[in-house]
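Generate the whole structure from the sequences, applying the supplied hints.
Remember, our numbering sits 153 above the position in the sequence shown when you count from 1.
None of these hints come from the bench; they were simulated from the model. These figures come from a predicted structure and were not determined experimentally. Please note that the accuracy of each hint is not assured.
[Stated by the list, open to error] Straight-line distance between alpha carbons at most 25 Å, and here's what the computed PhoX-like set of lysine-lysine pairs gives:
id, residue 1, residue 2
1, K493, K548
2, K397, K534
3, K169, K253
4, K376, K496
5, K321, K293
6, K253, K227
7, K397, K566
8, K534, K566
[As the list claims (entries may be wrong)] Beta-carbon label-pair distances, calculated as ranges:
id, residue 1, residue 2, range
9, P531, G399, 53 to 61 Å
10, I220, G177, 23 to 31 Å
11, K253, I283, 21 to 29 Å
12, H368, M303, 20 to 28 Å
13, F189, V445, 23 to 31 Å
14, L543, R614, 41 to 49 Å
15, D440, E544, 44 to 52 Å
16, L225, S333, 54 to 62 Å
17, N572, V401, 34 to 42 Å
18, H368, G597, 13 to 21 Å
19, L301, D489, 54 to 62 Å
C-beta atoms are modelled at their ideal positions from N, C-alpha and C, and glycine is treated no differently.
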Amino acid sequence: MPTLAHIFFGFKIKDKRFLKWGNGLLMVIGLAALIFGHIWGGVVLFLFGAVGLVKLFYTVDEQESTIWYNRLLKHAELIIAVLAVVWLLATYWLPLGPGKSTLLNIIFVAVLVGLILGFFTVLERFYRPILRWTLAHKAKFMLIPLVLIMFGMTIWLGFNTVFGFVAKGFDQVGWNVRTSKVWSTMAHGLPGIGKEFMPSLDEGSFLLMPTSMPHSGVEYNRKVVGQLDMLLTNIPEVALTVGKVGRVESALDPAPVSMFENVINYKPEYILNDRGHRMRFKTDDEDRFITVDGDTLDHETALGNGVGRSDLIPDSRGLYFRNWRSHIQSPDDIWDEIVKVVKIPGVTSAPKLQPIETRLVMLQTGMRAPMGIKVYGPDLKTIEGFGMQLEGILKEVPSVKAEAAFADRVIGKPYLHLNINRDAISRYGLNVEDVQQTIETAIGGMAITSTVEGRERFPVRVRYPRELREDPESLGKILVPTPVAPRYLWPSWSILNTCKDRK
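Quick look at the structure:
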């Protein structure tokens with residue numbers, strides 16, 4: 154690379170005629186770029202061409218080379234390049250954010266570039282003394298890369314791993330250095346990055362996966378998922394919310410009806426155009442946005458009124474319109490707003506996840522969270538009891554968000570046991586199979602035929618309507634026919650003993 158840089162930047166054209174026409178062509182191209190709206194490129198090319206022409210026709214004697222304007226002309230190309238880079242970084246990078254003025258961003262970038270160039274200038278000025286010192290003190294100089302390597306290993310592997318031998322040495326003399334303030338501070342500050350270091354990508358959406366209680370029914374869960382959608386849509390930063398309850402007809406998605414999935418698409422921080430670039434809009438002297446109807450609104454009022462891209466007037470000299478409220482600084486703040494509004498009685502919280510990230514996490518951990526604790530026990534009741542206790546303990550850990558720690562409710566689904574009274578059915582000439590067939594037909598339904606639609610077949614099932622089988626009292630009124638004369642229809646409560654249970 155240094156050789157290629159020397160060849161490229163050291164290449165010089167000695168033919169003055171070629172230089173004259175080349176610089177003139179640069180000025181023409183720069184003017185054309187300015188006409189077509191490419192201000193930055195046009196100005197830079199025009200200035201490079203103009204400086205080249207001035208240097209061709211303006212000769213400087215050695216005695217006058219120390220004058221300030223001659224020295225300025227000598228380094229004119231370098232100055233133009235530095236100013237162009239500063240302007241480009243300030244307008245496209247926007248290190249202080251789009252909310253700050255362009256002038257402040259230019260000043261900030263100019264200070265950074267000045268510090269970098271100043272460092273290399275000082276290094277060039279004192280290069281020989283530094284080189285002499287390093288050659289004379291090789292051992293001291295080698296301490297610098299050694300310290301950097303040790304610091305990098307500490308960041309990678311962790312302080313306890315790299316310097317664990319020191320703690321073991323002190324253990325031999327009976328001193329536990331791990332409990333000291335310095336050691337604990339370094340251990341918590343440099344824990345290591347682990348075996349896998351993959352930052353989460355910003356997908357522009359969240360996946361909220363709360364759960365209701367196991368005994369909740371389909372109608373209640375449909376009502377809850379509708380409430381979640383309405384509550385989430387009322388957040389100003391949320392653009393779209395779609396909720397799902399239960400699972401699709403697939404064995405690969407064993408989600409119960411008590412599990413919800415709400416995909417939440419939030420708005421970008423600033424209004425973007427079709428190419429994904431931030432847009433500027435027309436404002437008045439007080440930095441209030443002017444709408445197409447002629448109204449002038451400040452930022453907070455415009456957000457409250459739901460002003461969007463179609464309501465504002467694009468202006469290249471205007472200001473960016475921020476879609477987020479003033480206290481929302483990152484997507485994490487949007488998630489905090491989501492957690493606040495979805496507190497519905499009987500519905501658990503959910504960890505912060507994104508749609509694609511959730512699928513990867515569930516494939517890796519088997520849970521809908523990047524971190525969790527699996528509890529094993531002799532029965533479901535013991536597992537749930539211990540999980541509830543563990544949930545309370547985790548909520549008190551300082552580094553754990555209380556709303557993100559919750560234990561799955563594994564028991565609580567209501568069951569209705571129908572115990573057949575064998576003595577009672579014997580008086581009516583019934584056997585167990587007759588009663589079970591009646592119960593199966595009335596409650597679960599019996600397939601009596603099938604319908605063919607193209608290449609698909611669907612069974613036709615017959616059973617009691619929902620209002621006749623939705624509670625134990627209605628189930629007790631199911632009529633059971635007797636096999637012997639007289640063929641009376643007896644209500645099932647006279648031959649069945651019902652009891653409720655939760656598992």
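Verification of the hints:
no.: 1; hint: K493 x K548; verdict: holds, 17 Å
no.: 2; hint: K397 x K534; verdict: violated, 29 Å
no.: 3; hint: K169 x K253; verdict: violated, 46 Å
no.: 4; hint: K376 x K496; verdict: holds, 15 Å
no.: 5; hint: K321 x K293; verdict: violated, 29 Å
no.: 6; hint: K253 x K227; verdict: violated, 35 Å
no.: 7; hint: K397 x K566; verdict: holds, 21 Å
no.: 8; hint: K534 x K566; verdict: holds, 12 Å
no.: 9; hint: P531 x G399: 53 to 61 Å; verdict: violated, 30 Å
no.: 10; hint: I220 x G177: 23 to 31 Å; verdict: holds, 27 Å
no.: 11; hint: K253 x I283: 21 to 29 Å; verdict: violated, 38 Å
no.: 12; hint: H368 x M303: 20 to 28 Å; verdict: violated, 58 Å
no.: 13; hint: F189 x V445: 23 to 31 Å; verdict: holds, 28 Å
no.: 14; hint: L543 x R614: 41 to 49 Å; verdict: holds, 43 Å
no.: 15; hint: D440 x E544: 44 to 52 Å; verdict: holds, 48 Å
no.: 16; hint: L225 x S333: 54 to 62 Å; verdict: holds, 59 Å
no.: 17; hint: N572 x V401: 34 to 42 Å; verdict: holds, 36 Å
no.: 18; hint: H368 x G597: 13 to 21 Å; verdict: holds, 20 Å
no.: 19; hint: L301 x D489: 54 to 62 Å; verdict: violated, 38 Å
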